[in-house]
Structure formats: structure tokens, C-alpha cells
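Participant: Here is what each chain is made of, one letter per residue.
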Amino acid sequence: MPGIAYQKLEARQLLFWGPLALNAAVIAAGLGAAYVMEHSGHIVTGMNNQIVWGTPHVFAVFLIVAASGALNMASIASVFGRREYKPYARLSAILSIALLVGGLAVLVLDLGRPDRLVVAMTTYNFRSIFAWNIFLYVGFLVIVTAYLFVMMDRRASRSTALGKTVGGLAFVWRLVLTTGTGSIFGWLVARQAYSAAIMAPLFIAVSLLYGLAFTVIMLAITGWQSRQQLAGSEMLQKFRGLLIVFILAVFYFTLVHHLTKMYASEHYGIERFLLRDGGTYTAVFWIAQILIGSVVPLLLLVWPKSGTRHAAILIASVLVLIGGLAQMYVIIIAGQAYPLDLFPGMEVTSSFHDGRMAGYRASLPELLLGLGGVAIAMLICAIAVRLLPLLPRPAT
Amino acid sequence: MIVLMHQRDGTVHDGIRTSRFSLKGCIDCHAVKGADGKPVTIASGDHFCRTCHDYAAVRIDCFECHASRPESAGASAGSASFPGREHDGAALAQYLRSVGR
Amino acid sequence: MSCGSKCATGCAGGTGRGCAGAGRDRIDEERRSFMRGAAASVMSLGAGVTLYAFDADPAAAREPGEKVTAKNRWGLLIDVSKCADGCSKCVTACQDENGWRDTGHPETDAQWIRTLTVKNPNNGATFSLPMMCQHCANPPCVDVCPTGASFKRADGIVLVDKHTCIGCRYCMMACPYKARSFIHEPLQDQKPYAPRGKGTVESCTLCVHRVDSGRIPACVEACNDTAGGAMLFGDLNDPSSEIAKRVTALRTTRIRADLGTDPGVYYRNI
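Protein sequences appear in the order of chains A, B and C.
Residues 1 to 396 (the working numbering) make up the first sequence, in order.
Residues 397 to 497 (the working numbering) make up the second sequence, in order.
Residues 498 to 767 (the working numbering) make up the third sequence, in order.
The shape of chain A in the complex, shown without the other chains (with noise of 0.2 Å):
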């Protein structure tokens, strides 16, 4: 059996370069503007007393769950055993710690006291699915490190018993990381958007999603510096099965949890105001979520005469991610403009926003801060790409 030959990846000087530069600028805005945000506070933000939440937790949990999902090819080709996926092993377990790492980055310059990350790293409420999830995702980037160094190592590398060891307890522990991470809103029993057992595997059918489609993503940025066809036609079909399958799964639980949503008069209000009232957040569910990110990537995929285009599957890849922020949006933010039902059946208003739905509008810096996560995710591919054997030889 012919071992697998793995690369580093060779590009011309600009086209490495470039790329990079323009992740480090951006990195240095979202900085920047992180600064800003600690130093003159989060007024400086569209966030609010309404919209706790905003802009960098979409992206920070967009990072979070795709870097879990990133490692997919990794778990297929160790714990399911199907060897054509291993040459794209190690890319995926990259990309996965960068994901996370940049995830991470935007949590925690979010906060209103980031100087205290130490007081977060040692003071725990393991009561809260928020400290288990400090832990699951440190834990993430120590054993997907490992399994990193397990692929990688020649001596480690021989042991198939080793690799499917870890591999084994990564793809665990990435399934109950995704656990943790829907769970922060499926625990939320205060608001009527979340409080939902489905928002777990949601999460999981997302996270499979958005880091395939980041895979794809990365194998086409990267062959394109490289001008190599790093995914062979016979590859590039397996990835578009998957896509599909992914995103009916997607939409399959989305469609369950409104339609359970629905069914219930209590929910009746905040359905109405997610499918038809509204506005914004709305347009956002289904123009972003469902016809960008489900419905046109779904059709570029099945119908025959794009289905099997390389650009097709790049394409629907990229539609997937928008539509993956989408998502992230209307479950983040318009979850939370639905007001609090203090007294429901009741008309509530106050000078607090009771009663109202709320109204958020990102500002430059939160939006820099969250671009700024996804360039260090990046950057930190471009440079591990760059300096360790980590890229597949090209298709032949």
C-alpha cells in the first residue's frame, strides 16, 4: 500500500504574500477596534441592553462551530476508516485549530472586562454550559494538536491503533463541543427563541456544514497559490455529496425546530416575528439563510450540467458560508430582539424596550472585530500551510 505524500504549500511570492498581508491588515483593524471597544466601552457598538449579543458573537460562533465541523475529513478518514479522505487529513485538522483560535480571539476581545481572561480561565461556575465550554474548547485545540502531531509524526503516524485512538476521541469530543456551543441558547429557558433541546444537533448539522465548506474553500485558495488541482473530479463529487447532504440536514432541523416552534400557541409570537414580521431579520432568515445559503447552493449541486462543475462546488461552498452567517444572525440576534414574555397574553411597554421588538445595527468596529477573527483563522492556515507538510500532493 503506497504511502500518502503530503506538501508544503509552494506559491509565487505575491500570491502567498498578498493573502497574507491583507489577513495581517484586517487582523490589525479588528485589533484596532477591539481597542476601541475596551477602551470608550460598548457604546461604540450597535450592541445594546436589548441586543446583548451582536455582531462578534455571530462571527465568534460561526468560527466556533465551523472549526469543529473543519475537522470532518480527518474524522472520516481515522474513525470511519475510508483512506481517500486522508490525504486531506491534516489540512482539515489546521484548519480546525485556526477556526477555533480565531473564534476564541473575537469571544474574548468581545468582552467588557478582557484584561480579566485570567479571572475566566480560573474561576469557574460548572454549573454553566459557558465554563464547560472554556474547557471543551481548550481541550479542542490540545487533543486536535495531538492528532496533528499523531498524523504528522513518521514513528506515531505508523500506529493505526494510535491514530484511531485519537482521532476516535477528537471526533467525540468535537461532537459534544458542538453539544456545548447550541447549547448556550438551547439552555436559555428565558426567551422564546431558544430554549430547545434540537438547537445541539442543529448545531452539529451546522458545524458539519460550514467546515466542509470552509474546507473546500481553503484546498481551492490554496491550489489556486499554488496552481495545483489539490482535489481530484472524484474527490471534488464526494465533497459535493456531502454538501448535500449536510444541507438538507441543516435544513431539515431548522424545519423542525420552527415547526415545533410553531405548533405551540405560547410560540406563535416570536415565529411570526421571525418568518413574516420581521423586517430585517426576516429578509436576513429567508433571502441570506434559506434561499442563498440552502436553497441556490442546493440547486447548483443537483442540477447535472453545474452538479459536477469544480466552480459549481466552490461556489455553492462560499453561498453556504454566507448563508452561514445568516444563520447565525437570525438565531443570535433576532432571538434576542423578540422581547421577554414577562406577562404573556399581555401588552408590555416600559422605558427598558419591554414589549418591543428591538432594533440593532452593526457598527464598523464590531464588524471589523468579528472580520478580524476569520482573518486570524486565516492567517494562521496560510502560515502552517506555508512551513509544515500539511497540503495533499495534487490530483493526478
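Accuracy of the hints is not assured; some may be wrong.
[Stated by the list, open to error] Cβ-Cβ distance ranges computed for the label pairs, FRET-style:
hint, chain 1, residue 1, chain 2, residue 2, range
1, B, S440, A, R12, 55 to 63 Å
2, A, S265, C, R748, 22 to 30 Å
3, A, L248, B, H402, 53 to 61 Å
4, C, H602, A, Y268, 30 to 38 Å
5, C, K616, B, S440, 47 to 55 Å
6, C, G562, A, D115, 31 to 39 Å
[To be verified] Stretches of chain A that chain C covers, calculated by requiring three or more beta carbons in the stretch to come under 8 Å of a beta carbon on chain C:
hint, segment
7, 264 to 277
8, 342 to 349
If you are wondering where the hints come from, they were derived from the structure by calculation, not from laboratory data.
C-beta: ideal position from N, C-alpha, C; glycine also.
With chain A fixed as given, assemble chains B and C onto it according to the hints.
Facilitator: Below, chains B and C without anything else, positioned relative to chain A:
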């Protein structure tokens, strides 16, 4: 911070409010009057806490939340006023001697 | 120079060390006598006015140096029928007491207590009530806080320990009552007994600094002195207290009790 730490938790979590446990108690007595005769805030280098913490180059964030001077400005301020604006060790020693006398 | 006028009067001629000790004792004594006075005035008022808080002398229940215990559970009973339309005396009293105010940013300004107007859409019937932290026995904000900064004191008062609050705002996501505010801007000139600062979350403290010195919350005091006397403060755990008696005898409502939060704030005539 380390000196006040256990008292901090005692006050916030256990409701112990004797003056020994009270940062407000510290501030009430150790307020330093400025040129206008009113207690200075943490913004001034003469503030009791800053005299040492500046010298040790330690930035404290207590007063991002806590009031750094007694509420009724002037009422319970200490009569000690910091001698000089120059924050050298000699001035600090002189100040400490003056308040200890 | 002496160690300050206050200290100097307390122990003229003492050494620095002795002076500090004497000063401390004196302050404690001052505090105790003050509390006795406060409790006495509450008692004397309590005879005439219907709603007053402490039936037993709270200072006798706990020395200032003693830890709070689960023996007490502080709570409120609010008679909504006595809340006049448009009255916001409790709100202004809280603002004055704790130093939060309207800065012209309604979206981001903190509100520890607010008046809610509730209207039945079917028949237009309305009523108003004050809304603040409900000091739940099972507070969701405490459950979700990753660092334990959001905590419940042994005597039932739910607080934010701003020393360990990292400003993640998860408690604001979890609170069913919208009781919490995040501080969006740097602050100056806070009240000495109500520390608040940028980047942390805050909410009604049930005037914990007052309760610890044997006084009643500012909102309750203001409501009794200048408004309809709708608010009653007291120890729900003490069967002989006025609040416990009323909560036992009268039909009361707690907001979103269906969530199982077991709030310490009871409403009447909703």
C-alpha cells in the same frame, strides 16, 4: 489588592461590613485634599492609593467601579495633603511620616 | 499632621497605631448606634403606616461582622393596586441611591428598576408595576455565569461580584425579567456604597448596603414616604414578619413563576 482580597469577598459575598472590611472605610479616612480643599479623585497623583501604586508602577482598576473619594466631598476628608507633585521615594517617605505622626 | 480630623477627635494623644484601632472601634460603635436608631425609627413609623419592613430588630439578628446566613430570605411584596399611573418614585429613589441615571442613550443606559405598564389586548384593562431583579431562589443568571460572578447571597439577595465579572453578558441572555444592564460607557463619581463600572453587568441589589446596616431598600422607603406605600420589604423566612404573614394570608403572584425561578418578589392584585 492581595491585602484587601479576602475582605473584598467577605464584604461582597458574606455581607461583612465592619470598617476593616470596607474599602469605603479606607477611602473615608485616607482621602487627601487637593488645592481646592476637596478630596482628590484617583485622577490625581496625590490620591492616597496612587502614591504607592504609582511608585511601584502598578495600575489598579479598583476605582473604575469604586468611588475614589468620600461621598460628601470635603466632609470627612483627611487633613493630610500630599506635599509635592514629584513622585519620588523621598517625597513618599516624607508623606508617610507626615500621616503617621 | 495628624491622621485626620475624625480620627483625631476619637483618640487625641494616641499613637498612630492605637489611633487607628480606636478609630475603628468608634466607627463600629457609631454604626451600631446608627442602626439601632434606624431600626427604632422604622419601628415607630411602622405602628402608624401599614407597610414597614423590620418587625424584629435586624441589627440584633446579625452583627456587622457576622456573615449573612440562609436564616433570612429578603423579599418584597408589591401591591400593584397602590401603584398610581405614571408614578415613578421608586425609580427615582433607586437612581439617587445607586447613582444610575438617564444619559440620553435609552438603548444602552442601565435601568435597575422600571415601571411596566401591562395591558390586556382583549379588553384594554391596564395596570402598572415596578419591575426589577426578582432575587430568585433559583436564579438563571447565577446558573449560566461562567465565573460565578453572578451569585446569590445566603440571605437570597442576587448580586454581581464585579471583581470577577468578565462582561460576557450571558446572564442578560438568561434572565427572564430583563433585570440586568451592561455598562456601556466609562463612569465617574459612583456612589461609594454602589460600585459600578464599565464592562460589567449590574442589576438591583435590593440595596444590599442598606439591608446590611438594618435599613430598607431606597425604593421601598420612597414609596412609603412619598407614594402609595405599595412596597413591603422583609424577611420571607421569618414567620412573624409582616411580609411572611401577608404572603401566607393573601393571594399573591410571582412573575414567570412557571419558569421555576422562585422569585423573592411577590406581587399582589395583578
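Participant: None of the hints should be skipped; say for each whether it holds.
Facilitator: Against the structure, the hints come out as follows:
no., hint, result
1, B:S440 to A:R12: 55 to 63 Å, "59 Å, holds"
2, A:S265 to C:R748: 22 to 30 Å, "26 Å, holds"
3, A:L248 to B:H402: 53 to 61 Å, "57 Å, holds"
4, C:H602 to A:Y268: 30 to 38 Å, "33 Å, holds"
5, C:K616 to B:S440: 47 to 55 Å, "52 Å, holds"
6, C:G562 to A:D115: 31 to 39 Å, "33 Å, holds"
7, 264 to 277, "violated (count 0)"
8, 342 to 349, "holds (count 7)"
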